[in-house]
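K.L.:
On the provided structure of chain A, position chains B and C as indicated by the hints.
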Amino acid sequence: MDFLSFLITGLGLGSVYAIIALGYTMVYGIAKMLNFAHGDVIMIGAYVAFFAVGKFNMPSLVAVLFSVLVCTLLGVLIERLAYKPLRDASTLSVLITAIGVSYFLQNAAQILWGSDTKIFPTMFDFGNISLFNGQLQISLLTLITILVCIVIMVVLTLFINKTKTGKAMRACSEDKATAQLMGINVDTTISITFAIGSGLAAIASVLLCSTYPAVNPTLGSMPGIKAFTAAVFGGIGSIPGAFIGGLLLGVLETLAKAYISSQMSDAIVFLVLIIVLLIKPTGLLGKKISEKV
Amino acid sequence: MTNGRLILKTENLGIEFGGLTAVKDFDIEMKANQIYGLIGPNGAGKTTIFNLLTKVYEPTHGSIYLNGKDITKESIVSVNQLGIARTFQNIRLFKDLTVLDNVKVGMHHSVRYNLLDSILKLPKYRNEEKAVREKAMSLLRLFDLEQFADVKASNLPYGKQRKLEIARALGTNPKLLLLDEPAAGMNPAETAELMETIKTVREKFSLAILLIEHDMKFVMGICERITVLNFGQVLATGTPDEIRNNPEVIAAYLGSDEE
Amino acid sequence: MAKLKTAFLGKNRNCHLCLGLVIIAYIVIEVLMYTGSLKSLFINLLVPVTSYIIVALALNLVVGISGELSLGHAGFMSIGAFTGVIVSNVMATMISNDILRLVISIIVGAIVAAFFGFLISIPVLKLQGDYLAIVTLAFGQIIKSLINNTFLGFDSNGFHFSFITNTVTLGTGGKMLINGPIGATATDRISTFTVGVILLIITILIIFHFINSKYGRSVMATRDDRIAAQSVGINVVKTKTIAFVLSAGIAGAAGVLYGLNFSTLVPARFDFNQSILILVYVVLGGLGNMFGTIISTFILVLLPELLRFLADYRMLIYAIVLIVIMIVTNNPTINQFIKKIFRRKKAEGELNND
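Sequences listed follow chains A, B and C, in order.
Mapped onto my numbering, the consecutive letters of the first sequence carry residue numbers 1 to 293.
Mapped onto my numbering, the consecutive letters of the second sequence carry residue numbers 294 to 552.
Mapped onto my numbering, the consecutive letters of the third sequence carry residue numbers 553 to 906.
So that you can see chain A by itself, here it is in the shape it has in the complex:
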């Protein structure tokens, strides 16, 4: 029973990672950049939701929407101001810029809201459901988190495959120059990608903070790194890969915490990642890199 309980907790955490990883992987797929500031967008999303509920007494769902809106705008703003001027620059220059943005967001949050940890308000209280005569207690929030993740994944896949914008995104990720020649507005497409990724980050932040109710300026760092790892795990650039990678990572982390050692859980997760990459050098669902000679 314990195992089942850990497994579900792990899937819940993994769902949060998966939602963040989707943002990473989409941006990577199109802009070919590692957006290290993505984790800090989560942090901003958490603060926005925190104030929306705590200060402005917004209803929970409205607060989530508000947070999504703010993060979406923030994502587009970051892309326009910091990344767009570097469209033709080396990937490392873009990486350093992303790190700069990350520092900026963290320190801005610290100046605006202080470096102390704030207790995230209870936005959703669904209680638990009891199964097997009370032997298994499952938090309904966890189940909803998993459900939200699945819905996002399905909607996103449909969006990418069925809509015109989705096709434009795929075209841009294959070849920006050709996409441009075909009449696709590359700048707009990239902006939309950042908007979606950042909006998802806001959702992830609320789910994350509902489970672990602590908000501080470095809140996003570790989930950011984990989600990045999840994206690579699944094969970076692949949407189903990010989903599977996120879930696996969450389960792995929770089980390692429960059965091996809570202090060593991160090390175990990263060790497994290295082993997976040794067997599948481009992640679980990643495309094989081949070069024309």
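Everything labelled a hint here was simulated from the structure, so no lab data went into it.
Careful: at least some of the hints might be erroneous.
[What the hints assert, rightly or not] Using 27 Å as the maximum straight-line C-alpha spacing, the simulated DSSO-like pairs for lysine-lysine come out as follows:
1) K167(A) x K84(A)
2) K302(B) x K497(B)
3) K388(B) x K591(C)
4) K892(C) x K445(B)
5) K790(C) x K388(B)
6) K287(A) x K678(C)
7) K414(B) x K366(B)
8) K453(B) x K891(C)
9) K428(B) x K366(B)
10) K164(A) x K287(A)
11) K280(A) x K32(A)
12) K414(B) x K678(C)
13) K388(B) x K362(B)
14) K388(B) x K892(C)
15) K366(B) x K388(B)
16) K497(B) x K362(B)
17) K428(B) x K414(B)
18) K891(C) x K84(A)
19) K790(C) x K366(B)
20) K678(C) x K423(B)
21) K84(A) x K790(C)
22) K790(C) x K280(A)
23) K32(A) x K388(B)
24) K176(A) x K388(B)
25) K468(B) x K510(B)
26) K164(A) x K280(A)
27) K445(B) x K790(C)
28) K428(B) x K790(C)
29) K468(B) x K492(B)
30) K302(B) x K468(B)
31) K453(B) x K510(B)
32) K510(B) x K428(B)
33) K790(C) x K468(B)
P.N.:
This is chains B and C only, laid out in the frame that chain A set:
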């Protein structure tokens, strides 16, 4: 001039990419010291054969023999160590290295010092570096690239880049040199000059040369034997004269009503 | 992140430039210290700055020369630092000469870090691009976790070790060398600026000798074109391993210098952010550009201190400076402008030579 010994031999060499046959049943017999031409229309599979011979691609069928030794299972690196060097159709120089260093990289294995010698700059390192520099310079001289020794490779004009690639390949001390469109992008004067250089190289280094080229004057003028490819298969093999007068070859090149 | 580009070639002239810069800076700083015109804040930063320059040079060997992104170099620094702490403590009673103890610690730290560099290079160098980067990131995290959970003590009976929970009990005169998340405490501060500068000079010499050797050439050739390098008989994995191990060893040596400069040192000091910070020094200094790396590291380590008057805003300004530098240096118009000035100067120089 060409003695009877076989330097390269392939049997039923072939490769499929996801069910699509790119090269099928490719057989070749090349003698030591021979200059051999591989021609055919675009997409006939010529470069693919080079990639098979140098193990950039893994053949799905057949075997490759170099000097009688089966090298089908060797790696791209060991094939070079066994004596095959090549150039690339789309020029693959080490673009941020100098012209001289490009050739020196080719000579990597003939430089004999270890890591400690180099880090501590011991006399062995100095002597060997001096020797490799001289050898590399003499190769550059052969291709008239001496004055560009310290120029970044990517800054060389196109034709000179092709020559540098040949010099780099020669640095590895090959027994068989594969040239993929060596005259592409050259003007007639340069092409004529290149023909002479290739002949000189063959004599000086006593090696066999297999080359892909679209310039028929070049191929007919330099090759002792030619194989024509079409749709991944050998269409004809023979001397330049035989090839010139082969009706099937003419049809493949000019197109015929039967197709 | 398939290919990293570099325009700077490691030639002897640059080696001499680097050495000249370091020696002149050393003399100037020593004179300023002698005349008492240096603030103690700045003096305290001298050894850390030197350590960071050394580790940045080591990282540039991997990122600039070998063309592979490493996000875990702080891990090697960490291994070096804690190895250094252990060695220096154990030898405290045997060797009374601090300098000798420091030198031995540096050598041992470098060897241990190089060994870990070799271990990690086995999976790392089979991978390419971002997959390689994430393995180095994972490695840095693992090292941090491992040291964070290590409890190592030393007394007259030898070493006492436990993992995750602290069960180490020591006899009289015993000392905790690594105390889990608390790290190393009450370490003898035996690092000196002069030894640091000598280590830096040795590092510069090693790196340039390496770059100008057949090993360096084959590493750069592999970076520029992997398939072409293989086609001329270069074993690309072996080649990259050599560069990576060398870099890890140098980073380890820098770690020892850093670790033995503080009486307390927590494992969390060498986290992911630290690795990223070192990468920032390298990228701003220029890939493969050792001279630039020395200058950029020097400035960027001091910058937060120089920005102290901005109080809470200093890291915010630091972030903005980073972003602006990246945007400006990648702006084609500005680059054109800089090139023009540079070209004119060069042309004048040639004219004067006639």
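K.L.:
So, for every hint listed, does it hold in this structure?
P.N.:
Going down the list of hints, with the structure as the test:
Proposed proximity of K167(A) and K84(A) is supported: the alpha carbons are some 21 Å apart, at most 27 Å. With a C-alpha separation of about 23 Å, the suggested pairing of K302(B) with K497(B) holds against the 27 Å cut-off. The hinted pair formed by K388(B) and K591(C) fails the criterion: a straight-line CA distance of about 47 Å is larger than 27 Å. At roughly 20 Å between alpha-carbon atoms, K892(C) and K445(B) fall within 27 Å of each other, so this suggested pair holds.
Between the alpha carbons of K790(C) and K388(B) the distance comes to roughly 21 Å, so the proposed pair stays at or under 27 Å and holds. Distance restraint check for K287(A) and K678(C): the Cα-Cα separation of roughly 16 Å lies within the 27 Å cut-off, and the hinted pair is therefore satisfied. Using a Cα cut-off of 27 Å, the hinted pair K414(B) and K366(B) is violated, with the two alpha carbons roughly 38 Å apart. This hinted pair checks out: K453(B) and K891(C) have alpha carbons roughly 26 Å apart, not beyond 27 Å.
Restraint check for K428(B) and K366(B): not satisfied, since their Cα atoms lie roughly 32 Å apart, outside the 27 Å limit. Straight-line distance between C-alpha atoms of K164(A) and K287(A) comes to about 23 Å, which keeps the hinted pair within the 27 Å bound. Taking the CA atoms of K280(A) and K32(A), the gap is near 21 Å; set against the 27 Å cutoff, the hint holds. A threshold of 27 Å between alpha carbons decides the hint, and for K414(B) with K678(C) the separation of about 30 Å lies outside it, so the pair is violated.
A distance of roughly 34 Å separates the Cα atoms of K388(B) and K362(B); the hinted pair therefore is violated under the 27 Å criterion. With a C-alpha separation of about 23 Å, the suggested pair K388(B) and K892(C) falls inside the 27 Å cut-off, and the hint holds. Proposed proximity of K366(B) and K388(B) is contradicted: the alpha carbons are some 30 Å apart, above 27 Å. For the hint linking K497(B) to K362(B), the alpha-carbon distance of about 25 Å falls within 27 Å, and the restraint holds.
With a C-alpha separation of about 20 Å, the suggested pairing of K428(B) with K414(B) holds against the 27 Å cut-off. For the hint pairing K891(C) with K84(A), the CA-to-CA distance comes to about 23 Å; that is within 27 Å, so the pair holds. Between K790(C) and K366(B), the direct Cα distance comes to roughly 20 Å. Compliance with the 27 Å bound is thereby established for this hinted pair. About 34 Å separates the Cα atoms of K678(C) and K423(B), which puts this hinted pair outside 27 Å; it is violated.
Pair hint K84(A) plus K790(C) does not hold up; C-alpha atoms about 38 Å apart against a cutoff of 27 Å. For a cut-off of 27 Å, the pair hint linking K790(C) to K280(A) stands: about 21 Å separates their Cα positions. About 23 Å separates the Cα atoms of K32(A) and K388(B), which keeps this hinted pair within 27 Å; it holds. The suggested pairing of K176(A) with K388(B) holds, with an alpha-carbon distance near 25 Å, which does not exceed 27 Å.
Taken as a hint, the K468(B) and K510(B) pair is honoured in the structure, with Cα atoms around 26 Å apart against an allowance of 27 Å. Distance check on the hinted pair: K164(A) and K280(A) sit about 33 Å apart at the alpha-carbon level, beyond 27 Å; violated. Under the criterion of a C-alpha separation no larger than 27 Å, the hint pairing K445(B) with K790(C) is consistent with the structure, at around 25 Å. Of the pairs offered as hints, the one joining K428(B) and K790(C) holds, with about 25 Å between alpha carbons and a cut-off of 27 Å not exceeded.
Among the hinted pairs, K468(B) with K492(B) is consistent with the structure: their alpha-carbon atoms are about 15 Å apart, no more than 27 Å. For the hint linking K302(B) to K468(B), the alpha-carbon distance of about 14 Å falls within 27 Å, and the restraint holds. The hinted pair formed by K453(B) and K510(B) meets the criterion: a straight-line CA distance of about 21 Å does not exceed 27 Å. Proximity of K510(B) to K428(B) is assessed by CA-CA distance (about 33 Å); at most 27 Å being required, the pair is judged violated.
Taken as a hint, the K790(C) and K468(B) pair is honoured in the structure, with Cα atoms around 25 Å apart against an allowance of 27 Å.
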